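Q: Listed below are the residues making up each chain.
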Amino acid sequence: MKPAPFTYLRPDSVGEAVAALSAHGGDARVLAGGQSLMAMLNLRLVEPSVLVDISRLEELRTIRLEGNMIEVGAAVTQAELLAWPELDEQAPFIARALPWVGHFQTRNRGTVCGSIAHADPSSELPLSLTLLGGEVVLRSASGERRLTAAQFQTGMLQTGRRADELITAVRFPAGVGANGAAFREVARRHGDFAIVSVGAVASGGGSVRIGVGGVTDTPRCIEIGAELSSVDVVERIGHLAWELGGYDDVHASARYRRDLVRRIAPKLIGEVRACSA
Amino acid sequence: MLRVNTNEKVTVTFELNGRTVRGEATPRMLLTDFLRGELGQTGTHVGCEHGVCGCCTVRIDGVAARSCLMLAVQAEGRRIDTVEGLAASKDALNALQRAFRKHHALQCGFCTAGILMSFSDYLSRNPNPDEDEVRDVLGGHICRCTGYAGLMKAIMEAAAELRGARTSKGAPAQ
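First to last, the protein sequences are chains A and B.
Quick note: the first sequence uses the working numbering, first residue 1, plus one each step.
Quick note: the second sequence uses the working numbering, first residue 278, plus one each step.
Source of the hints: derived by calculation from the structure; they are not laboratory data.
Some clues are possibly wrong.
What the hints assert, rightly or not - Looking from chain B toward chain A, a few residues come up when the C-beta cut is under 8 Å (computed):
| id | residue |
| --- | --- |
| 1 | M278 |
| 2 | L279 |
| 3 | S366 |
Quick caveat, the model's predicted, so the values are computed rather than measured.
Where a beta carbon is used, it is the ideal one built from N, C-alpha and C, also for glycine.
Put together the whole structure using the sequences plus the hints.
A: As structure tokens, this is what we get:
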């Protein structure tokens with residue numbers, strides 16, 4: 001199908017983009033890489049009256065280390081982040097998860113911030129944001145604010161972004177997972193939506209933080225303390241899977257999703273423990 | 278700020294396979310439809326129109342991407358390459374195309390243009406891929422004739438041939 005008609009705006013600066021969102025608010029959608037939004041427009045799942053195209057804004061096309069945070073601008077593509085020479089050292093978890101985001105052909109245009117803005121429960125980047133304790137930077141005419149992953153992603157495809165706000169960047173703490181990071185995903189084909197994705201990072205003092213995507217409407221994380229034996233871990237993950245519940249859809253049943261969590265998560269915890277030991 | 282109203286038509290100009298082209302587009306016109314309908318370049322195919330099947334893949338500023346997930350107005354000033362630009366002439370297919378012919382890497386041909394465009398980008402970035410890496414990139418395309426075995430053979434052979442061309446001429450080959 002083809003998109004419903006809309007007015008196209010291509011601002012020349014972030015200031016102009018923010019002004020356009022103040023003027024059009026809830027009738028507007030922000031277009032960056034378009035790898036989720038264009039599909040939704042084509043399927044007429046969304047019919048905004050205005051599109052604000054930020055893909056050419058050079059000021060949003062930067063990856064930089066600021067203090068102990070990695071800041072990725074809203075026009076940076078997934079392929080550009082994957083090619084960032086410092087990714088392995090500064091963000092080893094993202095280096096592992098990013099190749100699972102869509103396909104080679106969609107990572108070439110899809111943006112890091114766009115994937116987080118889309119807030120699909122099974123996406124790898126929202127899981128990374130939650131697991132690593134990152135934040136989303138939002139700008140409106142009245143100023144800038146930062147939201148944590150939990151404040152930002154409020155439900156399935158739902159976020160805390162106000163209609164007049166532009167996501168200008170996302171920030172990940174640098175170096176998390178340097179002592180161990182692992183990612184695993186089950187999908188019908190590599191690059192398709194994950195049925196279940198699981199990530200784990202060493203979080204200091206022998207603890208492992210584990211995050212699960214694709215089972216509930218937002219990614220969920222828990223800490224696994226160093227004191228837990230591998231038998232305790234299996235039990236703790238069993239409880240987690242049960243608490244998460246999961247949902248049935250055309251790809252998998254809730255029960256199958258819980259089963260995947262029970263099987264994958266303890267393995268990842270073992271891998272991260274082995275790395276950090 | 279550029280503003281194009283709902284049913285307004287604007288002139289879109291970009292470089293297509295090395296020459297400047299222009300046409301008219303409303304904001305909602307997809308790049309695929311612009312290439313085919315406005316410019317008459319029907320080598321780029323339209324399949325699922327939501328980024329899954331891969332048959333509309335073209336190169337945008339050298340980089341393989343879905344043309345169904347891009348608006349024609351966004352192509353302004355860009356460099357777009359499509360399957361029409363791969364062969365130097367009617368009788369001179371490029372290495373990837375020759376390998377496709379040799380290994381019967383196409384049956385109906387519907388998915389072929391997209392796959393050629395993906396790998397013309399990918400092999401220039403990774404000239405020495407292993408089979409898993411090729412399979413991963415091929416995973417971004419759907420061939421409903423299921424000719425994947427032939428595709429794998431053709432792409433691996435084309436990669437080897439391009440590597441040979443690089444070393445013998447001492448310069449990267451297209």
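Q: Are the hints correct? Go through all of them and say.
A: Each hint tested on the structure:
Given the 8 Å rule on beta carbons, the hint for B/M278 holds: about 5 Å separates it from the nearest Cβ of chain A. A hinted interface residue such as B/L279 counts as satisfied when its beta carbon comes closer than 8 Å to some beta carbon of chain A; here the least separation is about 4 Å, so the hint holds. Restraint check, B/S366 versus chain A: the minimum CB separation of about 28 Å is more than 8 Å; hint violated.
Checked against the numbered hints listed earlier, the structure breaks hint 3 alone; every other hint is satisfied.
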